[in-house]
Every structure is written in C-alpha cells, then in structure tokens.
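Asks: Protein sequences appear in the order of chains A and B. Position in the first sequence (first residue = 1) + 370 = our numbering. Position in the second sequence (first residue = 1) + 370 = our numbering.
Watch out, some of these pointers could steer you wrong.
Pairs involving identical chains hold if they fit within one copy or between any two copies, as the list cannot separate such chains.
For lysine to any residue, the following SDA-like pairs were computed, each having C-alpha atoms within a straight-line distance of at most 20 Å [unchecked claim]:
| no. | residue 1 | residue 2 |
| --- | --- | --- |
| 1 | K536 | T420 |
| 2 | K512 | D393 |
| 3 | K512 | R390 |
Since the hints were derived computationally from the structure, they do not count as laboratory data.
There are 2 protein chains.
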Amino acid sequence: MTEAEFIAALRQLPLHPAARGLDDDTALLDAGPLVVTTDTLVEGMHFLPTDPAHDVAWKLVATNLSDLAAKGANPEGILLNYPLGDDAWDRAFLEGLADVLTKFNTRIIGGDTVTLPPNAPRILTVTAFGSDAAAPARGGAKAGDALYVTGTIGDAGAGLAIALGKDGSLELLAAYRRPQPRLADGRILAPHVHAMMDVSDGLLIDAARMARASGVAVAIDLARIPLSAAYRAFSGDRLAAATAGDDYQLLFAAPQDFVTDATPVGTFSAGFGLTLHDSGKPVPLPSSLGYEHAPRG
Amino acid sequence: MTEAEFIAALRQLPLHPAARGLDDDTALLDAGPLVVTTDTLVEGMHFLPTDPAHDVAWKLVATNLSDLAAKGANPEGILLNYPLGDDAWDRAFLEGLADVLTKFNTRIIGGDTVTLPPNAPRILTVTAFGSDAAAPARGGAKAGDALYVTGTIGDAGAGLAIALGKDGSLELLAAYRRPQPRLADGRILAPHVHAMMDVSDGLLIDAARMARASGVAVAIDLARIPLSAAYRAFSGDRLAAATAGDDYQLLFAAPQDFVTDATPVGTFSAGFGLTLHDSGKPVPLPSSLGYEHAPRG
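Next up, chain A with everything else stripped away, as it sits in the complex (with noise of 0.2 Å):
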C-alpha cells in the first residue's frame, strides 16, 4: 500500500481525539498524567516470518497494552511505526489493528510509515498511553512480600514451539499469537499491590528484576506455577514455562494474606538474589532464567 492509502486505512479505525483526524505530524493529548511505554518487534527475533499479519498486529499492540495493564492504567491510544510493505500484508495488519483496537478499546494517535528497503525485516513499533494509572513500581516488593502471577505461565511458550512445528493445541498456539493483556485485572489490583510488572521475558528473569529492583531476595516454589490443562498436556515442564517468554501475566508483590484470584508462587524476604525449590526442596538455577535479547525464530 502506499503511505496515503495506509493513512486512509488507518482513519476508518477508532480515532483518539488527540490525533487530529491524522492531518497533522504530532498529535495533542490532553488527558492526565500518562503512562507511556513503547515495544519494537522485529521480524525473526520476536516474531516469525511464517506469523500471519493479522497476529503480529494483536501482539504489537497487546504487548504494549500488557505494560499498561502492569501499572493500572486505562489505555488511551497508540502511535503506530510502520513499514509499508505488500498490499495483502498490509491489508491483514490493518485487520488485526482493528480487532485489537476494538477488543481493547483503544485508539489511534498517531504515527509514521516508511519504506524499507528490499528484504529487510519488517521492524514495527508501537507506543502506547495509558491514564488513570495507580501506577504501581516494579521496586516496591517487601521483606515478607508473596510473590503473585495472574492466569497460567508456558502457553505462549508451547505455543511458540507449535508454530515452529511441534504438535500441540491451537490454544496455546493462540496463547503465543494472539497474548491477552490483563487490562482489568491490573485495573483492580495496581491500587493495592506493593510491586507489579507483566511477564513478557519469562517468570524467573522477570521475578528476578523485581526482586533486583525492590532490593530483596525471592523464591520461587516450581510446584506453585499454575499451568493451563493445555501445557500440561502439551508437557507439563515446569521449569520450561518459568523460562519461557510471552506470556503477559501479572507479576505482582503483595502481602501473604492479600486476597486475590492470582497464584502465590513465591516469596520475597531480606538479601538479594533468585532461588529457586519444588515444594522446599532445592533446584539448581536453569542456564537461562528467560528470553534477554537473543535471536530465538
């Protein structure tokens, strides 16, 4: 498509206000303080060749939208970076933007198009604006702080490695293509909770920089990560789920008796550093705690 035919595309979906119809270069907000947060994908690294558009739009969108979720925020809209590439490409991005926007309720705000070059890979970024945000740190965790995580760890995992070939469920498949940020959830629970983050590198690394970053040691039960009916039947790897990525959980510190739907699977307590047991008894550290920017198609 060419960048006025995307731009034309792009006017037919939800609008925020602040962009102005999208006939200027920057966009007005005027609504708060915001949260911002921004998420590139790269073609080949976070996301596969093989990986319909349609999908690649939810994820971008969704892993920007999980950031939002881990502080409480409400979101407002994104800006979009996009490259311009084939027409039915093009065509089922903007399908997949459409469905995530309205899934969500989010807006656009704004945004640029390029040209890449003859077979580079596609690289898009998106960053988002959230308002009303409790707005939690990821350094707050306490001495004596649970450990929670919302929903189940692995599926995307899993699904990653179906959509590379292995037999599995299309749940979890979807789980990987298509990530449900926990926007209600984090509304409910940022006003209350010491410490949150989402998981989007993987359980132990992520559990890991909040500890690091709230200045306390943490550990991690194995025995406690919840796993869908899913991955258990794909297989159950405990360890496996704790380090792998994607998932777009909530990761939250908060104390022993905070009453809540999520899973205690840890538990933060003075020092520093990661351990890790199954049902109290030890387990060595895996060579990789999660995903840290290393080519993984």
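Chain A is already provided as a structure; the job is to place chain B on it using the hints.
Replies: Leaving out everything else, chain B in the frame of chain A:
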C-alpha cells in the same frame, strides 16, 4: 553493546523524572497537555550506511524536535527505540545523542532496545514530547495569507548530494547530517500564525499539504525562495531547492503584513491546488514535488 550496557549509558544522559531512572517498563508523564510526534529513520532510506552514527543520532532526535518546533512546543523529552549493533556504532550513537539532547535541552523518558537479524538495515524510532504549545494546526491557512519560510532552503538536499560523492562545502553537508530544529522560532511564531508545519519532505510538497489541509490554493514564487550563499555556490538551482527534503525549516501561514524575519515565498487564495511562478512568470510543476517515501540512498 548489550542491552544492560546501553541502558547504563542512557542513564548517564539527561533523564526526565518521568523515566523513573529507566528502572520500569513504563514512564509516568505529568506535564499538562502534550504535543506528541514520532519519526522512524531507516538506513538506506532516510540516512546512508556511511553516515556517521553520531550524526544519525543527532538527526533522529532533531527531526522529531522539528515537529515540536512547528507547534511552538517546549521539548520535554524522548522515547528511543534502538537496535543494538556493534560497539563502536553504539558508542558513537550515544555520543551524538548526548550532544543533541544537551544542545536542545531535552531528556530521555524511556524506550526499547532490540537485536536485529544479521545484515538487517538499522531502523531507529524516536517519539518526542513537548509541552506548553500554542499548537497551530497545519490546516489553518486563510485565503489572503502569505506563506513564509524560516532560514534557507535546499542546503540539506545539496548536503545529501555531497554525502553521496559530489563536491561541495562542509556547511551543506552539515545541513544534511545535523539539521537544526527551529525551536526558538517556533516558540515565538506559534501563538500568532494561522498554520505551521516543518519542511521535511520539500518546500513544494509541504506547502501543497498545508494548502490542502486548509482548503485553499497556494501560489509559490520561486524567485523568493531563500537560498544560502553556500547553496548558491553549489548550484543555486531554486527548483531543486524547493523539492529537496530535510530542510527542517518552519513553513507558516500568516497575514501579508505579519512582521517576521522569515521570508514570504507565496500567497494563499480561494480554490485548491499548487501553482508555481518565477516573479510572476508561470513555471510548470516538476514531476516530483518532494520526498514521498521512495528510496533515495
């Protein structure tokens, strides 16, 4: 550099309080109504593989600040989406980033780093935030207004030709590699003009865009287009100057008797479209009015 090394280096640059020390996935921005703009630069399209990393950093930030200048905004800070590469390039980029942030009193708010597949062109995105903007729209020009432009036009286009191997002055090369956003001019002009935008894709194409957004016609006098002494020495070609991109001057509509240092280069009238003349003598429109997302490297 690794992501951790790069973020550690960013922490040595001026940080916006919203960045919360770059310890979180999100920034918290509380600065009243905000002007937001984002630009992506692609290696081989918007900059040359041979352009120094130092200058790429400058240009990436400066092009975004130029959009803020056109709204009369005060720069608050930037988000940076950066592909980690080889150490020498990353370090030179960080030096250029420090220079441009310091020069224009701008700060880091946050961002994202990614790793690219081997041999992928670099793609860099900056999103800039400005506050306290009068924010004239692009579409406010009125029939009877004059069209004005700050500074001189065509220098960066000549600089690109020089970067590609032509003989010419370092001054012109600097205009291409180190554009100077007209932030101070924008602050002064924005509350008083009817419409304003920056000249990023070429004077003719950007003037046509302003006229279209405003629902009026514009006639441009080639003879009035302001050229630098360096550009006159290089070629002095006014049509080439008016269709080259990367000027990052401010283009604005204001009454004919508006008092300004900027140069009146045209007039708006009822109707639609763009016409060109040379001191009253009609000039046919060139086949390209400016840069429209086609390869240029």
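Asks: Now look at each hint and say whether the structure bears it out.
Replies: Against the structure, the hints come out as follows:
Taking the shortest Cα distances, K536 and T420 sit within 20 Å of each other inside one copy (14 Å), while across copies they are farther apart (43 Å). For the identical chains of this complex, K512 and D393 are inter-copy neighbours only, at 17 Å across copies versus 48 Å inside a copy, given an alpha-carbon limit of 20 Å. In the homo-oligomer, the alpha carbons of K512 and R390 lie at most 20 Å apart only across protomers (19 Å), although the nearest pairing inside one protomer, at 44 Å, exceeds that limit.
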